[in-house]
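Asker: Chain residues, written in single-letter form:
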Amino acid sequence: MTQPNRIAWDGLQIDRRRALSFRFNGKTYQGYEGDTLASALLANGVHLVGRSFKYHRPRGILSAGVEEPNALVELGREGAHQPNLRATEIPLFDGLEARSQNCWPSLKWDLGAAVQLASPMLTAGFYYKTFMQPSWAWRHYEKVIRKAAGLGKAPTVRDEARYDKRHQYCDLLVVGAGPAGLMAATSAARRSARVILVDERRELGGMLLEESVHIAGQTAKQWVQQTLAELEALETVTVLPRTTVFGRYRHGKFGLVQHTEQGQVLHSVHARRAVMATGAIERPMVFSDNDRPGVMLAGAIRRYIRCYGVVPGRRAAIFTNNDSAYETARCLREAGAEVAAIVDLRERAPSVAGLDDVEILTQAEVVGVQGSQHVKAVEIEVGSKRRRIACDLLCVSGGWTPTIHLLAHGGKDTLAYDAAWGAFIPTCSEPVPGIHATGACNGAQSLVNILAQGIAAGEAAAEALGCEAATPVALPEVQHRGGELSPSAAPVCEVRGGRGKKFVDLQDDVTVRDLELALREGYRSIEHVKRYTTLGMGTDQGRTSNINGMRIVAERLGKRIDEVGTTTFRPPFTPVSLGALAGRESDRRLDVLRRSPIHDWHVRNGAVFMPSGLWLRPQYYRRPGHGETLTEAARKEAANVRDKVGIADVSTLGKIEVQGRDAAEFLNRLYINRCGNVGLHKARYGVMLREDGFVFDDGTVVKLADNRYLISTTTVNAGAVLSHMEFHQQMVWPELSVHIEPVTEQWAVVALAGPASREVLARLMPEEDVSNQALPFLGYREVCFQGVTTRLFRISFSGELAYEIAVPADHGLTLWEALLEAGEPFGIMPYGLEAMDYLRIEKGHLIIGTDIDGRVTPHDIGLGGMIRGDDDFIGRRSLQRPALTEEGRPRLVGFVSADGETPIPASAQLVAERWTGTPQDSLGRITSPGFSPVLDCPIALGLAEVEAEGGSLYAVSPLTGEQAEVTVTRPVFHDPKGERLRG
Amino acid sequence: MQRYSGFGLVKHALSHHENWQRQWRNPTPKKEYDVIIVGGGGHGLATAYYLAKEHGIKNVAVIEKGWLGGGNTARNTTIVRSNYLWDEAAALYEHAMKLWEGLSQDINYNVMFSQRGVLNLGHTLQDMRDIQRRVNANRLNGIDGEVLDAKGVQELVPIMDCSKNARYPVMGASWQPRAGVARHDAVAWGYARAADAHGVDLLQNTEVTGFKIRDGRVYGVHTNRGDIAAKTIGCVAAGNSGVLAKMAGFKLPLESHPLQALVSEPLKPILDTVVMSNHVHGYISQSDKGDLVIGAGIDGYNGYGQRGSFPTVEHTLQAIVEMFPIFSRVRMNRQWGGIVDTCPDACPILSKTPVKGLFFNCGWGTGGFKATPGSGHVFAASLAKGEMHPIAAPFSIDRFHSGALIDEHGAAGVAH
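Top to bottom, those sequences are chains A and B.
Going by full-length UniProt numbering, the first residue of the first sequence is number 1, and it counts up by one from there.
Going by full-length UniProt numbering, the first residue of the second sequence is number 1, and it counts up by one from there.
Isolated chain A (complex conformation):
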């Protein structure tokens, strides 16, 4: 139950009164409320946490934050876990369960580590040079390689967590609640700007939490709390802890993911301006066996001690190229640990108070680390002398890298190399219009400067936002205990001597040798080096490795770092779960599911549904107790329409109202057949083309009143037709006065078809004259049915005498049931899509998408005669192109099965010879196969390059092995003169 590395300390972020129990790799440990998994593991003396990606080397905890490359774990019950989480980012909770990844059978004894024996061969890109012979063997090699892939295991059960999304708008987004961010937020907030202040950590304050400093006479922690209290008291300020700004997108949009007790929330923040106060991340050093557990970043050690009261070692060595790590030495000593030596690469060590009795070695290097699963000692080289220093912790600092990722998400030209930092910093304090860089990420070094820059950024932002004036925030007084130390680093990060592997990128196991090999082989561009060696391509995106890698590449090439340049910065800053990005809009909510107002009736009466666009439509009705198949039911429904009368729910067809002074002109330009000229209270069948001359959609246009039209579209194309119309209205012909309104969901529409349909209608509306004279084919009338406005159309898809009746959606069921009642004496039956298909194929009516794909002109399908007048319409000029008018284009024809019984296969291709498996030229295809009850024979519509009726082809489906000899006919099998629908 003891936590051997935990000490008492003032001002900690943990609550020692609340002990928590957690399990790691099956063993139970204790920690405190406020711990991260990493701090709790270190408190318990657990250094070995994971295995590396390629070589399965034992790895520990390097850092205390988002930059962690090593300590990746699976969190949660196996199967419902999250893989690849950084132990340094996981807040500890009671009952937490976590496991190491990429090791078997155990973390300590990992068989995968055997791969290290072959490591002389496993250089960067080795796989490009081998596994090529014999050529068939790659698939087997790959199986083995693939076994080694990946870090964590994917979860296996569905995610029940809740993911929400928010859209937020603010004047100023402040990223990072360290000293600069707090000051910027306060300055802007005092001037009444609406501010969102975000920090990825649970405890705010950034670097202040790991430094020994007093601000305005208070401890850093007190000052942070007081500043936050002022901010949170303002209604215009939102403070979001545990929230990562993961991406900057165009037009001032930022992607944020917030971790809460309830789950993750994705915020899309649209900020008028933003302040980047993202601080800096420490770099490690590159030396032999620099990956051993117990080698940690110096700044991280300060955080573990000062935030969590965790001292990760008893006897530490420090290896640095800059002053900041000396603060770690002070901190370790205050915490009661011994500092064995400070190994400084530089010629001169700074004089730092309180370290008089610590051995400081200058111009010294660490050339080796002993202890494979935990540091036991380090080998030092001073001049030409080697020494061994026993220690259980090696603190390293290779300088600091300003965190400029979000700035660079729009491009790298916002950055310039800075020699003092040994890294890239923004070119100025507003490197992107509207975005201020401030504090350490802007290259400010001392805390006073950082605070001053924060105030200045907040003021500048408020000024640019046009905020009212207010008393500026006073720069608080800063007192460092023992003096402030600079992060300016010597331009060296690498130790040349030593026998072990020198890791640049710890997560992807990229070594100095790998970089050298890439350069030797001609990969010079930093993008090539990255891709060839995988430098910086891990889940940490190279936060601790990129700068070191660039420095080594630059040095080998004899170039400056800024000549080598950086790779592109891409979102997300830290990984974001797919669930958070998807939000709740997957599964049933991926798209709305539309149901007709008569849907429930269909359900009660045995309808089998099929999806059509966003809608569900009845395919056929399975009458209770009949046990019919699809074909049996549909043939019966179709026959009933031909012989008696049927009704179908066609509410799903797209409906768009077009109104306005220029509505007729607008429609004339859209349709090939001048649909705007349709007479008042008349319907006209119309065809629209795409700009390239191919058929886009069809439907009817009805003139409801002067300057007011209703058009119908196919169900699937309703959205596309609307976009097409809106595009032309807004972009092409803005001078036309037209209003377009989609009204699909506002009307329920029922098709009433069959020889008895007129009698049924007459019974339904006894007061209306529905005779052929009063309501002829393609006629329209607005009537009143049971007190509501009803639209009555005489149009037919089935080829029978037919009507479509539209009522406001809420009255759809009433209409449907009234029709069934009125039609009862005539043998009325509902029919579904399948029967509708049989009917329309017999009649030679086409369906967009099925018969008409993107290569069909009106001429091809026998509708060329519809083109009216000389005025232009969309696609007219394209239609005149030679390839669209040439002889021999596939055209619409009908087919009957040559032997009168072999079914014509669906989706079949048409060929000249019987199919034997040898490739043949396609002469066309079957678009709609069916069965004609009238002819009692399989029939089909198709597009084919054929000369004359009576010719013979083979409809073949190599896929199913079916084929049928077919005879070419006219594409109308039933009532070719249209007497029935006009009668």
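One thing to keep in mind: the hints can contain errors.
Here are the computed lysine-lysine pairs in the BS3-like style, where the Cα-Cα straight-line distance is at most 30 Å [to be verified]:
{"hint": "1", "chain 1": "B", "residue 1": "268", "chain 2": "A", "residue 2": "54"}
{"hint": "2", "chain 1": "A", "residue 1": "153", "chain 2": "A", "residue 2": "165"}
{"hint": "3", "chain 1": "B", "residue 1": "151", "chain 2": "A", "residue 2": "153"}
In case anyone wonders, no lab produced these hints; they're calculated from the structure.
Keeping the supplied structure of chain A fixed, place chain B upon it in accordance with the hints.
Answerer: Leaving out everything else, chain B in the frame of chain A:
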């Protein structure tokens, strides 16, 4: 050229890999070449390689304004398949497929062409009819393909949600077993190394700023490193093709759009095939490193910025989580965009131009990577002979005047 083999790798391990040669030179531009290829991506490098290897034209320069393979070659989702609907496109992509099948051996560079099969899912009856139609058309052209029902899909991809409860339940899929993925960067590097070995000059960081055109004939290019002469020039510049055409004084019917993709953190292998769905707008595979590689639909607006808009990514991931609910907890590690040059009929342009001696290879839209070897092969033949190769001929610019469009919107993998 130093030959690569397993044996060689062992041998070099003994000398600590210090004797590997450069994979390509970094030459100074010559005054004149027989052929200049503008654009050092996969297609351009492949063209140069086949020019040298198959047609003996070795005095060739590839001019690249950035780094080799740094455009869409480095940004795609690495899918290779040839199950295109229309004869013209099927011939082109199947030609590429046959070259893919021996590519690693041909260029002695393992491009990791992994024929793990591609599923194109169907979610509606119409989808399934279209799939059957396409597979029948493929079979007629001698291209492999099967149609699976939902059960067959589930057996192949046990982790996919094939239940009836999904918003768009999986009804089945087309399945091309010979299709798969390849290591995209390796394709560029492998062709670069092989072309360099034949004497082709690869000129990186060299930007074409104009063409030397006299009397309707091209004589060379202006670059930021001086003028370079050649009487045959092939432009293979993807998203920037329109810009080059403008320099040469004509227009192409291209629109450049951002196309986005993303990868997850690496996971232990769990998805062995490529799964694509037009209907819910998403496609996914898992690389040999373990990353899930996910592609999105193109952004609707035109642009040259290699980044897209965020809602496109959200929508894609809604589709992916819909198909694979267990990936909800998996995290996106990196997202990026490329610029795709799309033609009105979703088919490429391989063509002569109004300027004699100047050829263009562009307009691949979302389908360029998979065609790389075939595109390079037929384009090289066209440049060598001065006449378009028969497989390339239907893809002439003339088709936009004649109307002989091909229309592969259905097979392009993502909604245009």
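Asker: Work down the list of hints and note, for each, if the structure agrees.
Answerer: Hint check results:
no. : hint          : result
1   : B:268 / A:54  : 13 Å, holds
2   : A:153 / A:165 : 27 Å, holds
3   : B:151 / A:153 : 25 Å, holds
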